[in-house]
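Number of protein chains: 2
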Amino acid sequence: MNNKYPDTLQKLIDCFEGLPGVGKKTAERYALYVFMHMKEEEIVDFSNALLSLHKDIHICSSCGNISEHELCSICSDTTRNHRQILVVESIKDLFTLERVGEYKGIYHVLNGSISFTKGIGIDDLNIEPLVNKVKNNEVSEIILATNATIEGETTAKYLNELLKQYDVKVTRIAHGLPVGGDISYLDEMTLIKAFEGRREY
Amino acid sequence: MNNKYPDTLQKLIDCFEGLPGVGKKTAERYALYVFMHMKEEEIVDFSNALLSLHKDIHICSSCGNISEHELCSICSDTTRNHRQILVVESIKDLFTLERVGEYKGIYHVLNGSISFTKGIGIDDLNIEPLVNKVKNNEVSEIILATNATIEGETTAKYLNELLKQYDVKVTRIAHGLPVGGDISYLDEMTLIKAFEGRREY
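Read top to bottom, the protein sequences are chains P and V.
Under my numbering, think of the first position of the first sequence as 380, with each following residue one higher.
Under my numbering, think of the first position of the second sequence as 380, with each following residue one higher.
Quick caveat, the hints were computed from the structure, so don't treat them as lab data.
Every clue listed holds true.
Treat identical chains as interchangeable: a pair holds within one or across any two.
Straight-line Cα separation of at most 20 Å, SDA-like style, residue types lysine to any residue; simulated pairs:
id	residue 1	residue 2
1	Lys-404	Gln-389
2	Lys-383	Asn-490
3	Lys-403	Asp-424
4	Lys-390	Lys-404
5	Lys-390	Met-417
6	Lys-390	Tyr-412
7	Lys-418	Ile-436
8	Lys-536	Glu-507
9	Lys-548	Asn-516
10	Lys-483	Ser-452
11	Lys-383	Glu-447
I would like the entire structure built from these sequences, with the hints used as guidance.
Here it is in structure tokens:
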């Protein structure tokens, strides 16, 4: 039978298929595109970019953001309000909010949300460092900016319950987020409104 | 400003954005997924798969298919009918047809189709080796299996005009291909019918 791609190409197809939302057809399309249309030096760049990732980038030890140093550029910025923490599900959400440029506090990345269907519980999320900051009285406001999905709302509710025993104001980003929506796909105006309209839990 | 990804990550995002149909948001999603969820050895494999591509795979000197040797496994298969050539636009189409397992001749990959909007002319396509085979009396039937798009039909029409001066039967794959459809997304039965229902040009 000749209906198989050469091993090397199949290997690359498998790699692309490992990416989120990429099926067999799309993976084939990507791999064949790389082979047929990318220049040799572009492929080398691509390969190096993959290898450099974990060499050059780390997770910020304070907030969970990506960083080229131990502390990320936001956590090491002394002009920002370190007593105000905006809690997001993912680094992508952090960057989406940061692009708006309105927020001057710091962040905390949960790295997911509570999901019964995906089997993601509180122990799988980056919660403890946040609670420690609150316990140590380092925080005056926690803004919960998890997505408006079931998982995001569940996570926000859980964090509110967990944090209300401490002397900290807990708010939830609210207006403008359509139910079922994903923060990283929102426009800037909606995000600004959602941010301004936050209410106390 | 902190609204930029670290350079290494941005580089990877740019690489993903170079793939067909991948926009900024999707490229970010892919790159962050690689960073957050792929294991170190998976990333190394991915990187190596990219680098190995042009080392291990070549274009078959006879038909334009991908191959680990100078001649692809189809062209070097003596049990196949080398006097029947199925002409496709892309390697992906070749593999889609080959998976059906019905066809026992050989292939010819044009590597594109005539497109006025994209500025792709006959000189950009892999046509000459096909004509040479016909001229040398090596072929008894050419089956045109370009897509049922304007570009595919234009290319089929052009090839028919070009080849009718020679002593070769030129047919066009026909029934079952929905207008505007793409061969690589069709199911096997439709492909078999399209193949059986081919008519003489």
